[in-house]
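*Asks:* So you can see what is in the structure, the chains are spelled out below.
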Amino acid sequence: MVGEEHVSMIPAAPSEVWSAEVNGQSQEVLAPSNAILLDVLRDKAGCLGVKRGCDMGTCGCCTVLIDGEPRLSCLTMAQDASGCEITTVEGLADGAHLAPIQQCFADHGGSQCGFCTPGFLITSQALLTKNPNPSDKEIACAIEGNLCRCTGYQQIIESIQAAASIHRGESELANPASDAHPDPHPSGPEEPTMPPGHAR
Amino acid sequence: MSGGYKQQPGGGGNETRKDGKRVAGKQSFSPPGSGGSKPEMSPRDLDFIPETVGGKEKQPAGSHIHDRARTGTTVGKRTTLVDANAKVTGQAWYGDDVRLPNAIIGRIVRSPHHYAKVKSVDTSKAEKLPGVLAVATGDDAPNSFGVLPVTKDEHAMAVEKVRHVGDLVACVAAIDEATAREAVSLIEVEYEVLDSIHDMKKGLEDVDEPIHWRGKYHVGTTNVQKRVFQEFGDRSMVENPNASYHGKWKFMGVNHGFTEPHAVVAHWDSNGRLQLYTPQQVPHYAHRALATVLDVPMHQVNVIRTFVGGGFGGKSDPFPHEMCAAILSRKSGRPVRITFDREEVFWVNRGRHPSHIEVQMYADEEARISGFDIDALIDGGGFASFGHVTSYYNGVLATAPYELGSFHYTGARVWTNKPASGAMRGHGAVNTRCAVEVGLDDMSEQLQVDPIDLRLANLLPPHSRTISGFRITSNGMRQALQRVREGSDWDNKFRKLPLGKGIGIGCGFFISGSGLPIHWDPNKFPHATVHIQIDMDGGVTVHTGAADIGQGSTTAVAQVVAEVLALPIEMIHVRSHESDTSPVDLGSYSSRVTFMNANAAIRAALEIKEKILNAAWDALGYHPDTLVLNDRRIYYKHDPAIGMSYLQALHKAQEDKGALIASGAYRSPPMGGVHKGAAAGLAPAYSFSAYVAEVDVDIETGLIKCTDVWAAHDCGKALNPMAVEGQIIGSCHMGLGQVLSEQMVYGRTGHLQNPNLLEYKIPSVHEMPNVTPIIIESCDPEGPFGAKEAGEGPLLPILPAVVNAVYDAIGIRVNDLPLTPDKVWAAIAKKMKLEGIDDPADLPVPRLDFSELQSKLVARAAEHETRDKRRQKSEDTDAYVNGVLFGFDPNVPLEDQVEGWMSSDKPTPEQLAELGLAGTAWLKEEQRNMGGGN
Ligand code: FES
Ligand code: FES
Chain A
1 MVGEEHVSMI
11 PAAPSEVWSA
21 EVNGQSQEVL
31 APSNAILLDV
41 LRDKAGCLGV
51 KRGCDMGTCG
61 CCTVLIDGEP
71 RLSCLTMAQD
81 ASGCEITTVE
91 GLADGAHLAP
101 IQQCFADHGG
111 SQCGFCTPGF
121 LITSQALLTK
131 NPNPSDKEIA
141 CAIEGNLCRC
151 TGYQQIIESI
161 QAAASIHRGE
171 SELANPASDA
181 HPDPHPSGPE
191 EPTMPPGHAR
Chain B
1 MSGGYKQQPG
11 GGGNETRKDG
21 KRVAGKQSFS
31 PPGSGGSKPE
41 MSPRDLDFIP
51 ETVGGKEKQP
61 AGSHIHDRAR
71 TGTTVGKRTT
81 LVDANAKVTG
91 QAWYGDDVRL
101 PNAIIGRIVR
111 SPHHYAKVKS
121 VDTSKAEKLP
131 GVLAVATGDD
141 APNSFGVLPV
151 TKDEHAMAVE
161 KVRHVGDLVA
171 CVAAIDEATA
181 REAVSLIEVE
191 YEVLDSIHDM
201 KKGLEDVDEP
211 IHWRGKYHVG
221 TTNVQKRVFQ
231 EFGDRSMVEN
241 PNASYHGKWK
251 FMGVNHGFTE
261 PHAVVAHWDS
271 NGRLQLYTPQ
281 QVPHYAHRAL
291 ATVLDVPMHQ
301 VNVIRTFVGG
311 GFGGKSDPFP
321 HEMCAAILSR
331 KSGRPVRITF
341 DREEVFWVNR
351 GRHPSHIEVQ
361 MYADEEARIS
371 GFDIDALIDG
381 GGFASFGHVT
391 SYYNGVLATA
401 PYELGSFHYT
411 GARVWTNKPA
421 SGAMRGHGAV
431 NTRCAVEVGL
441 DDMSEQLQVD
451 PIDLRLANLL
461 PPHSRTISGF
471 RITSNGMRQA
481 LQRVREGSDW
491 DNKFRKLPLG
501 KGIGIGCGFF
511 ISGSGLPIHW
521 DPNKFPHATV
531 HIQIDMDGGV
541 TVHTGAADIG
551 QGSTTAVAQV
561 VAEVLALPIE
571 MIHVRSHESD
581 TSPVDLGSYS
591 SRVTFMNANA
601 AIRAALEIKE
611 KILNAAWDAL
621 GYHPDTLVLN
631 DRRIYYKHDP
641 AIGMSYLQAL
651 HKAQEDKGAL
661 IASGAYRSPP
671 MGGVHKGAAA
681 GLAPAYSFSA
691 YVAEVDVDIE
701 TGLIKCTDVW
711 AAHDCGKALN
721 PMAVEGQIIG
731 SCHMGLGQVL
741 SEQMVYGRTG
751 HLQNPNLLEY
761 KIPSVHEMPN
771 VTPIIIESCD
781 PEGPFGAKEA
791 GEGPLLPILP
801 AVVNAVYDAI
811 GIRVNDLPLT
821 PDKVWAAIAK
831 KMKLEGIDDP
841 ADLPVPRLDF
851 SELQSKLVAR
861 AAEHETRDKR
871 RQKSEDTDAY
881 VNGVLFGFDP
891 NVPLEDQVEG
901 WMSSDKPTPE
911 QLAELGLAGT
921 AWLKEEQRNM
931 GGGN
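Line by line, the protein sequences are chains A and B. Sequential numbering of the first sequence, starting at 1, is according to the numbering used here. Sequential numbering of the second sequence, starting at 1, is according to the numbering used here.
Heads up, some of the hints might be wrong.
Label pairs and their computed distance ranges (CB to CB) [stated by the list, open to error]: (1) A:K137 to B:K524: 20 to 26 Å; (2) A:D67 to B:V150: 45 to 51 Å; (3) B:K524 to A:G24: 55 to 61 Å; (4) B:K823 to A:E28: 51 to 57 Å; (5) A:G57 to B:K216: 47 to 53 Å; (6) A:T129 to B:K524: 55 to 61 Å; (7) B:K823 to A:G24: 51 to 57 Å.
Pairs of lysine-lysine, DSS-like flavour, derived with a Cα cap of 30 Å [what the hints assert, rightly or not]: (8) A:K44 to B:K331; (9) A:K137 to B:K248; (10) A:K137 to B:K501; (11) A:K137 to B:K761; (12) B:K128 to A:K137; (13) A:K44 to B:K128.
Output of the computed footprint for chain A on chain B, the stretches with three or more beta carbons under 8 Å from beta carbons of chain A [what the hints assert, rightly or not]: (14) 256 to 266; (15) 306 to 314; (16) 549 to 558.
None of these hints come from the bench; they were simulated from the model. As the structure is a computational prediction, the values presented were derived from the model and not from experiment. Beta carbons: idealized from backbone N, C-alpha and C, even for Gly.
Throw the hints in and build the complete structure from the sequences for me.
*Replies:* Given below as structure tokens:
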């Protein structure tokens, strides 16, 4: 084999400018023309909240909104989403305000280990935008592509129902934990939310 | 909300905008030291203060030593996880989210062969590829490691042999993933393929080249990694049984299926210390193993636990890829990140052991359980992992909750050329439990009694000893059975539903922490240590090594500290990620965290409380016994106007000393017998559970749908009912997967056929039944505020409950899990042929016609209920050991009163003649010093 010229297994694709509106900010990054949206979002756009659970469309952890529709970013070519409006879990909260769906997942046990949570939040947000009054069955159909190994889905459905009632204006955010302290909302995550040296 | 200063700009705590969104993480903060987001002190919440100390909380199971530490702050209340905000905003950082400057990507070269000698590894081409910064092979790390000190049989990369497809051979690090993958393809390995073993039964046979040598003692020249023999009780009791069950069971291997694939980042800092970021359940074991493999002292390694995207036992071994990242990083001088594909997750596996389990059970004329015979052959795959312990658990965790006349267990774990099995939620207990509970159902059918009454009349009481000597303290089994019976309307459904619909019962018993820590020498060290520190402004920092893997252990620790100090939980900051700052903790396994860590945390918090109260004593002149600690204020019991704020007292306590610091530790009391393996299954407390499941079976296709589950679990005391319910429902989900759809399928050639989440069938939301979680609180005398585990035990009962429900629906038992439609339909077809039926709609369904035993059992159960209540509340403190039901005196050693009562850990020559499948491992002679590790 000595002297043979090495032929690359995957020929490098030319880099192209990829632009899109990610969480309300227009982003322009240089990415290979054959890049997958999930990689671009995580590695180039800094959206590490978008999770990779399987890379083949079976877990739903990588769900993002593309022009308002929930899509699996691991099965989407970045180019197909260029120029679109993309919302990831980081874009759900409005500045300092958690979206009702986020607050409800926290308060009703919809998130245990939390790895599936970004995908569920995006999927349910899309559902609630279209249908603020979903039945349990409709919720189940909406989240059927999302896998959760911790919660057994029941508390997720409860969380979505709770958020739906806030969307309908029937209830305000209430914290079930608020017996003793009406607002025990922690003053921040328990620990620095990013490890040292985390490039954001 | 006026007056307080703003901790951060952004509005008041209760502010809710018109659109329903509200302030997150930004809230007004009351003056320093008054703490929390509310400036005013909350009144004492009497509903959450036990009756014995003057509150209104009912205590049906009696009082508890921690009652005096209750302040009504958070214990027993539905509490949002303290790290929930990070999780719902996408800020939680899991393994692959750790991004260090200049990091490069590592990939692993894996074996394509089941079993082979590695003759040579040629890395030269890969090294020449531009962009490749480091390549490593087995030669770089010759030291072996393993999670258990007695079975260190793993290497970072293959040294000499590869043992399954996917075993690590070499690794590379390159500037990006594409280059790294390419470099992997350029590494040339020369193998000499050996004869591989895939069938666990073959593992019992002598071969030329066992997968490992066991070190000092090898069982023949077989692949037996561990064999166990245990016998207790009087074997003559099983002669002439009134009913008996004999079942041969087959269980497929299952994987944890956590959503986050393994990932690791290693970085040697400028001082030459290793900083390793990894989603680990047991950072301490990884820490030890890293030090061994890398040949550096432990203090030169800092293990940083990232958020863990699900563990369930699958992230509790030290892993070779963690070593690889560290080695690559040391070689390249850059941080290295390795993230697994889903397929690689299946290659490391450590899931539940595929098993062949044979059980024989006997009941006597009074429907007492006169004997259990269990024989378990389990398939360990290529490495030992936790297998040593699993081999015991498959037997010993079946010794309760029932009183047994005799118990006989033979177990063997064999190596095969598959990815290693290991610990998974319900470690070792799940499969046997399923077989045993189905056996009870079958025997109650023979006796024509209700299976719930059969169980109720044979339970061990609280504060008793099992046949193998386990010390049971609190025991809520009876209430659990009663509550699910009521909740499910059992009496109107059981054996009364039409063909295709069924209802079934199953129970569970599990350890709450293992009594003897592995890897802990000398054994006088505590199991868990927690440090608490309070500085001037009153915020509390808690340092613990407990790994939160989603179960909410961080929240539990924060809760108990908040409870003791009567502070809002938002003032408690738990730091648990770094081994540099947290005291050694043995990690999240064996359901030990809540029990042990919260106990340690309570101890530390009590010490702080004492310091603060003493300071208040100085200032107010009232003895601490007469002072009440309530939300950020300390006052005189009889005149609340006399008092001082928490902050004033704190500052007084800090005079001349500065920050208040306390350390608390927990060690389980000495327990257990002296027989070999007596330590396996010992725990300071045990959890109990009972489930009723209802199923629909499609008789035309064999498809089973579980529709409803009533799930009662005795967790001692629910510190956070929301988390406990989440654990119960989640356990149901996982167990349901194992009983209905999940299996790791190995094909004819021994290859794993479904290493992905498409073909490995984890139940989706549509397969989930309606689960009604029922929390039973038996108030454990040694648990933190009475709590026991709730994370693993609730998985056990769902399997037998479903299998029993299927029998109730179609009158057929299938002893081969998972119950996929093909198997069920084949069983239906077989039965139709046997009975000469053409239409499955004509299948006979089992019906119950009570025998006269039924009323006897009901009467006995009622008697026992009174007994149990008295024992639970310590009104009756007489000794109770397994055997009293059979008329023995608990105060005289059983060996002395019953002829033939034995307790042995080796088969006698006569027994050797009649051993089960796994038992045949005892036919082999031990050979000395054949080579290998320990
Ligand atoms: S990562 Fe996209 S579906 Fe799993
Ligand atoms: S919360 Fe862990 S996978 Fe859903």
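*Asks:* Against this structure, judge whether each hint is valid.
*Replies:* Now for the hints, and whether the structure bears them out:
A hinted range of 20 to 26 Å is violated for the C-beta pair K137 (chain A) and K524 (chain B), which are about 57 Å apart. Judged by the Cβ atoms, the range 45 to 51 Å given for D67 (chain A) and V150 (chain B) is violated: they are separated by roughly 58 Å. For the pair K524 (chain B) and G24 (chain A), the supplied restraint of 55 to 61 Å holds, since their beta-carbon distance comes to about 58 Å. Our hint of 51 to 57 Å for K823 (chain B) and E28 (chain A) holds, since their Cβ atoms are close to 56 Å apart.
At about 50 Å, the beta-carbon gap between G57 (chain A) and K216 (chain B) stays in the expected band of 47 to 53 Å. Hint check: T129 (chain A) to K524 (chain B), Cβ distance near 60 Å, so the stated range 55 to 61 Å holds. Between K823 (chain B) and G24 (chain A) the CB atoms are about 52 Å apart, so this pair conforms to the stated range of 51 to 57 Å. For the hint linking K44 (chain A) to K331 (chain B), the alpha-carbon distance of about 27 Å falls within 30 Å, and the restraint holds.
This hinted pair does not check out: K137 (chain A) and K248 (chain B) have alpha carbons roughly 39 Å apart, beyond 30 Å. Distance check on the hinted pair: K137 (chain A) and K501 (chain B) sit about 22 Å apart at the alpha-carbon level, within 30 Å; holds. Of the supplied pair hints, the one linking K137 (chain A) and K761 (chain B) holds, its CA atoms being roughly 21 Å apart against a limit of 30 Å. Taking the CA atoms of K128 (chain B) and K137 (chain A), the gap is about 57 Å. The hint is violated against a cut of 30 Å.
Note on K44 (chain A) and K128 (chain B): the hinted pairing holds, with a Cα-Cα distance of about 28 Å set against a maximum of 30 Å. A count of 6 residues in the region 256 to 266 of chain B with a Cβ less than 8 Å from any Cβ of chain A is obtained; the coverage claim is therefore met, three being the minimum. Here's how the region 306 to 314 of chain B fares: 7 of its residues keep a CB closer than 8 Å to some CB of chain A, so the rule of at least three is met and the hint holds. Against chain A, the region 549 to 558 of chain B contributes 6 residues with a C-beta closer than 8 Å to a partner C-beta. That satisfies the three-residue criterion, and the hint holds.
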